[in-house]
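J.: Chains R and E, in that order, are what the protein sequence lines are.
With the working numbering, the residue at position 39 of the first sequence is 43, and numbering never jumps.
With the working numbering, the residue at position 309 of the second sequence is 331, and numbering never jumps.
Keep in mind that a hint or two might mislead.
Have a look at the derived ranges for each label pair, beta carbon to beta carbon [as the list claims (entries may be wrong)]:
#, chain 1, residue 1, chain 2, residue 2, range
1, E, D167, R, D134, 53 to 59 Å
2, E, G475, R, A168, 56 to 62 Å
3, R, D110, E, G428, 42 to 48 Å
4, R, A9, E, D361, 21 to 27 Å
5, E, P269, R, L111, 47 to 53 Å
6, R, G189, E, D328, 39 to 45 Å
7, E, G428, R, T206, 52 to 58 Å
8, E, R160, R, K158, 53 to 59 Å
9, E, D167, R, P85, 53 to 59 Å
Derived DSSO-like pairs: lysine-lysine, alpha-carbon spacing no greater than 27 Å straight-line [said to hold, decoys possible]:
#, chain 1, residue 1, chain 2, residue 2
10, E, K599, E, K613
11, E, K44, R, K158
12, E, K513, E, K426
13, E, K513, R, K157
14, E, K426, E, K456
15, E, K522, E, K433
Coverage of chain E stretches by chain R, computed from C-beta distances (three or more under 8 Å per stretch; other residues unrestricted) [claimed, not checked]:
#, region
16, 58-68
17, 371-385
Calculated from the structure, these hints are not laboratory results.
All figures in this text were calculated on a predicted structure; none of them were measured in a lab.
Every residue gets a Cβ at the ideal spot worked out from N, C-alpha and C, and that includes glycine.
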Amino acid sequence: MNNDATITRIRVQYTKGPSLRFTGHLDLQRLWERLLRRSGLPIRYSQGYNRRARLNLASALPLGFVSEAELLDFWMDQPLPLEAIKDRLSAAAPPGLAIQSVEAVDLQENALQVRMTASEYETTFFDPQDEKALEVKVEALLSQEKIIRTRRKKTYDLRSLILAMAVTDQEGEPALWMRLNADPGATGRPDEVLDELGYSVTDMLIQRTCIILSD
Amino acid sequence: MTHPEDNALWRRAQRILPTVVKPGRYVGGELNQTVKPWDSVRSHVALVFPDIYDLGQSNLGVAILYDLLNRREDIAAERAFSPWSDMEAALRENDIPLYSLENKRPLSDFDILGISLPYETLYTNFLNILDLAQIPLRSQGRTIDHPLIVAGGQSGFNPEPIAPFVDAVVIGEGEEVVLEIVDAHQTWADQGGDRAALLTRLAAIPGIYVPSLYCVTYHENGTVDTVAPTHPEASLPVNKRIAPVLPPPLTRFLVPNVEIVQERVSVEIMRGCTRGCRFCHAGMVNRPIRERPVDEILQALEHGLDQTGYEEVSLLSLSSSDYTHIIPLIEGLRQLLEDRQVNITLPSLRIESFTEDLMDVLQSLSPGGGFTLAPEAGTERLRNIINKPISNAELMETARSVLKHGWQSIKLYFMIGHPQETLEDVAAIAELCKAVLREGRQIAGGRARVHAGISTFIPKPHTPFQWVPFSDLDSIEQKLAILHEGLRGAKVKMTWNDPKASLLEAWLSRGDRRMAEVVYYAWQNGARFDAWGDQFDLAFWRTAFEQARLDPDFYSHRARALDETLPWDHINAGVRKDFLLRDYEFSLEGKVRADCRGQCYSCGILSTFSELRLLAPVGGWKCP
Numbered sequence: 005m006n007n008d009a010t011i012t013r014i015r016v017q018y019t020k021g022p023s024l025r026f027t028g029h030l031d032l033q034r035l036w037e038r039l040l041r042r043s044g045l046p047i048r049y050s051q052g053y054n055r056r057a058r059l060n061l062a063s064a065l066p067l068g069f070v071s072e073a074e075l076l077d078f079w080m081d082q083p084l085p086l087e088a089i090k091d092r093l094s095a096a097a098p099p100g101l102a103i104q105s106v107e108a109v110d111l112q113e114n115a116l117q118v119r120m121t122a123s124e125y126e127t128t129f130f131d132p133q134d135e136k137a138l139e140v141k142v143e144a145l146l147s148q149e150k151i152i153r154t155r156r157k158k159t160y161d162l163r164s165l166i167l168a169m170a171v172t173d174q175e176g177e178p179a180l181w182m183r184l185n186a187d188p189g190a191t192g193r194p195d196e197v198l199d200e201l202g203y204s205v206t207d208m209l210i211q212r213t214c215i216i217l218s219d
Numbered sequence: 023m024t025h026p027e028d029n030a031l032w033r034r035a036q037r038i039l040p041t042v043v044k045p046g047r048y049v050g051g052e053l054n055q056t057v058k059p060w061d062s063v064r065s066h067v068a069l070v071f072p073d074i075y076d077l078g079q080s081n082l083g084v085a086i087l088y089d090l091l092n093r094r095e096d097i098a099a100e101r102a103f104s105p106w107s108d109m110e111a112a113l114r115e116n117d118i119p120l121y122s123l124e125n126k127r128p129l130s131d132f133d134i135l136g137i138s139l140p141y142e143t144l145y146t147n148f149l150n151i152l153d154l155a156q157i158p159l160r161s162q163g164r165t166i167d168h169p170l171i172v173a174g175g176q177s178g179f180n181p182e183p184i185a186p187f188v189d190a191v192v193i194g195e196g197e198e199v200v201l202e203i204v205d206a207h208q209t210w211a212d213q214g215g216d217r218a219a220l221l222t223r224l225a226a227i228p229g230i231y232v233p234s235l236y237c238v239t240y241h242e243n244g245t246v247d248t249v250a251p252t253h254p255e256a257s258l259p260v261n262k263r264i265a266p267v268l269p270p271p272l273t274r275f276l277v278p279n280v281e282i283v284q285e286r287v288s289v290e291i292m293r294g295c296t297r298g299c300r301f302c303h304a305g306m307v308n309r310p311i312r313e314r315p316v317d318e319i320l321q322a323l324e325h326g327l328d329q330t331g332y333e334e335v336s337l338l339s340l341s342s343s344d345y346t347h348i349i350p351l352i353e354g355l356r357q358l359l360e361d362r363q364v365n366i367t368l369p370s371l372r373i374e375s376f377t378e379d380l381m382d383v384l385q386s387l388s389p390g391g392g393f394t395l396a397p398e399a400g401t402e403r404l405r406n407i408i409n410k411p412i413s414n415a416e417l418m419e420t421a422r423s424v425l426k427h428g429w430q431s432i433k434l435y436f437m438i439g440h441p442q443e444t445l446e447d448v449a450a451i452a453e454l455c456k457a458v459l460r461e462g463r464q465i466a467g468g469r470a471r472v473h474a475g476i477s478t479f480i481p482k483p484h485t486p487f488q489w490v491p492f493s494d495l496d497s498i499e500q501k502l503a504i505l506h507e508g509l510r511g512a513k514v515k516m517t518w519n520d521p522k523a524s525l526l527e528a529w530l531s532r533g534d535r536r537m538a539e540v541v542y543y544a545w546q547n548g549a550r551f552d553a554w555g556d557q558f559d560l561a562f563w564r565t566a567f568e569q570a571r572l573d574p575d576f577y578s579h580r581a582r583a584l585d586e587t588l589p590w591d592h593i594n595a596g597v598r599k600d601f602l603l604r605d606y607e608f609s610l611e612g613k614v615r616a617d618c619r620g621q622c623y624s625c626g627i628l629s630t631f632s633e634l635r636l637l638a639p640v641g642g643w644k645c646p
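So here's chain R without its partners, still in its complex pose (with noise of 0.2 Å):
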C-alpha cells in the first residue's frame, strides 16, 4: 500500500464565509471530510472499523463567526504537487469556503491546536455606530485591571485575555480590531468582549481575521 516515508502532512488556510457561519465545529469536521473525499486526494484514513480521514482543524470557531483565515491540517498516503493539492481542494469546496494556501508541513510539528497563541477579529456592525463613543467604551474597558465574567459556570478574568484592542475604520464605518489569548489553557471569546461593551449577538458580524501560531 504506502510506507511511512511518503506520507505527506498539509496545512490549509482557507476562508468562512456567511453561508457557513452557522456551520458548527463538528460539522465542519464533516463538511472537511467530505471535501477530502470528493477531492480525490490519496487522504490518509485512520485505521480501524469506521475508518475516518485523519484531520486536524486548528481552533473551534464560534457559531455565527465567519473567518478569512481559519487553518486546517490533513494527511496524503503520497505526496503531490502543492499547486495542484490547492486546485483540487478548490474544486471540491463548498459554498463559502475558499481555499487561500496549501503548504507541506513537517509530520513531526506539534498540533495546530498547541501551536496556537492568540487569534485576531474584526467586529462590524449592522447599525450606524458612533466612532467617538465607541473609542470611549473600549478606552474604559482597556484601564480596568481585571474584567471577571462567567461563563458556562467558571468565573474568569477577560482582561487578561485582551491583548490588544482598537476601533478601525471599514468603508467609512467604525469598527472593532481585537487580538485575543488563545494558547490551548486560555481563550478569549470576542462575543464576550462585545457583551461587556454592551453588544449583543444580534447587532454584529465578528470575523476571524488571523489564527497566531507559535514559532
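Let chain R serve as the given structure and place chain E on it in line with the hints.
T.: Quick look at chain E alone, frame taken from chain R:
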C-alpha cells in the same frame, strides 16, 4: 437583479438567527444547491416540506423535483421548510415572513408553492407555513396576487381533509406533472385571466385534482352522498399519474452544512410492489412495478458519491429482494464500493423472496447494523388474513440463515390491531420473538439480539381494509400489555408507536372534507409537528373535533358499510374498488392471493393505464 445578501428581509433575518437553535437550518448555501438570479427566470417555484430542514432536506422526493425543475432554464425552484418553534416565534415577533433558502425571498413572491405531504401528520405544519408566509389559508381567500398552492405526496390519495387549503393536488407521481403545472401557469399568465381560469386550466391536466371544482353532499347519517364535479374540466374519477418508465435517478444531491437525519446517496431501485399485503397503502397505490436497470442504479450511486463525498448509500424500494436483478445489483455495488470508505444501508427484504445466494452476496458487503424482517403478525392464520402468507418455519429458516451469515441482531416488525386479530395472535408475537432469540443464541451465542418493533394497524384508504374500523385505544393498550408480559425477562428489546399518534393518523387519513375544519382548529389550538412524539398533543385535536362539531369516532372507529361512498372514492389510485372489496371478502375467509407477478387478479392497473403500458418495455411492469 439583487444579490440575496442585499435583500432587506434577509438582513433582518440574519439578526435573529444567532438567537435560535441550529440556525444553519435557515440559511441555505449548501454544496449543489441551485441559486438562479431572481429576475433571470420566468417562473418561481418554492418546494416546501412542512417539517424541519433536518427531515425535509433528507426527503428524496423533494430533491428529485428540485433537480427536475431547476434543469429548466426558465424555472427557479427554491426550498422552504418548517421553522422550529423558537424560529417561528422569532419570525412572528419580528414580522419576518417565511422565506426561501436560495434567494431569501418571502414565499408569497413565488408563482407556485409545491407542498410535499408524504404523511398526514404534516397537515398542521402545512397550515402554519401558509400563515408564516402571510398567505391566506383557504383557496377561496386567495387572489391572482398569491402563489398557487399545489400539494402532492402519498397522503394526496385522500386529499379531502386538506381540500379547502390547497388549490390543486397532484394524485400520484410528480416527475412529469410538475413541469406541466408550470407550463399551465405560464400559459395562463400569458393569456390573462382570473384565478378560476388558472384552476380550471390545472384541472384539465391528468392527475391534477382541484377540490374547489367538486361539490360534496352528505347523507343525514354523516356519510358522503355524492362528490360531483361542478365544471366540465373536472374529471371523475381523477386518475393518478404514473410514469410508464422511471426517469433517470437523481445524482445531484445537496450536501447540507449542518447535520440532517439522512446524509447518503439514495437511489430508488424499483417502484411498486406486487405482493398485495392488505394493510399496505404503499403497496396498493404505487402499482405497477417499475424497475430501474442495474447499470443506471450503479452509475447514479457512483456519480452521487463523487458529487457529495457521502459515506453511505441506500437502495430504496418497497421490497428490494423482489427486484429482478437483485444479485447482480449487489455484486455490482460491492465492486463499486471497494476501496471507498462507504457504508450501505440494507434494503427491505421479503422473507418469501429470500435466498441463500442473496444472503451470500449481502454478506460480502459486510453491512453494519441489524437485519430487519417483517412478519407483521404472530400467527400463520393472521398472516393469511393480511395476505402476508409466511409460515413460521420459513421465518425461522430465514432467521437462521441471517444469523449464520454473521448478523447478530435481528429486528422483527409487527403490527397489532389487525382485523380479526385475537389475543392469541398477539401472544404469539412474543413467542415468535423468543423463538428467534433462542435460535440466535444457538448460532451467535450471547451476542445475539432480537428487537421487536410494534406499530398499530391503521385502515388506510385504497386498501382492502379501508372498510374496517381502527382499534379502540383500550384494546391496543391491552395488546401492548400482553406483549410486555410475554417478553418479560426475555431480553428482547421492544419498541412501539404511541397508539394515540396512530389514532390521529386514522382520523386524518380516513377523513372527509369536513375534517379540514378539524385540521384548522387543531392548528389554531396550537398543534404543530404532530409527527413528533414530544410535540404531539391529542388534546388539541379532541378540542378541535368539538369546535368543528364532528364526532371523532365516526371517522376512526366506525366500520364503513360496503356500499358506502367513501370520501376518497373519486380518486382513482389505479386499483379498483370492486377488486379491493373482493380482496377484503377473501380476508374474511382467510384466503390468500399470491404475488400477482404470477397471476393477474385484475386490480385495475392494466385497465386504467392500458395506453401507457404501450410505452413501457415488454414485461416492464411485471404484470403477466
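J.: With reference to the structure, classify each hint as holding or not holding.
T.: Taking the hints in turn, this is what the structure says about them:
1. At about 43 Å, the CB distance of E:D167 to R:D134 disagrees with the hint of 53 to 59 Å.
2. Look at E:G475 against R:A168: about 60 Å separates their beta carbons, and that is inside 56 to 62 Å.
3. Checked against the hint of 42 to 48 Å, the C-beta distance between R:D110 and E:G428 comes to roughly 44 Å, which is consistent with it.
4. At about 22 Å, the CB distance of R:A9 to E:D361 agrees with the hint of 21 to 27 Å.
5. One distance hint, 47 to 53 Å for the beta-carbon pair E:P269 and R:L111, holds here, with the actual separation near 50 Å.
6. At about 43 Å, the beta-carbon gap between R:G189 and E:D328 stays in the expected band of 39 to 45 Å.
7. The hinted range of 52 to 58 Å is satisfied by E:G428 and R:T206, whose Cβ atoms lie roughly 54 Å apart.
8. Separated by about 54 Å at the C-beta atoms, E:R160 and R:K158 satisfy the suggested range of 53 to 59 Å.
9. The given range of 53 to 59 Å is respected by E:D167 and R:P85, whose C-beta atoms sit roughly 58 Å from each other.
10. Restraint check: the Cα-Cα separation between E:K599 and E:K613 comes to about 18 Å, which is no more than 27 Å; the hinted pair holds.
11. Between E:K44 and R:K158 the alpha-carbon distance is near 24 Å, which keeps this suggested pair within the 27 Å criterion.
12. A C-alpha spacing of about 20 Å is found between E:K513 and E:K426, which places the hinted pair at or below 27 Å, so the restraint holds.
13. With a C-alpha separation of about 42 Å, the suggested pairing of E:K513 with R:K157 is violated against the 27 Å cut-off.
14. Note on E:K426 and E:K456: the hinted pairing holds, with a Cα-Cα distance of about 18 Å set against a maximum of 27 Å.
15. A distance of roughly 24 Å separates the Cα atoms of E:K522 and E:K433; the hinted pair therefore holds under the 27 Å criterion.
16. A stretch counts as covered by a chain when three or more of its residues have a beta carbon under 8 Å from one of that chain; for the region 58-68 of chain E and chain R the count is 0, and the coverage is violated.
17. Residue count for the region 371-385 of chain E with a Cβ under 8 Å from a Cβ of chain R: 0. That is fewer than the three needed, and the coverage hint is violated.
Hints 1, 13, 16 and 17, counting from the list given before, are not met by this structure.
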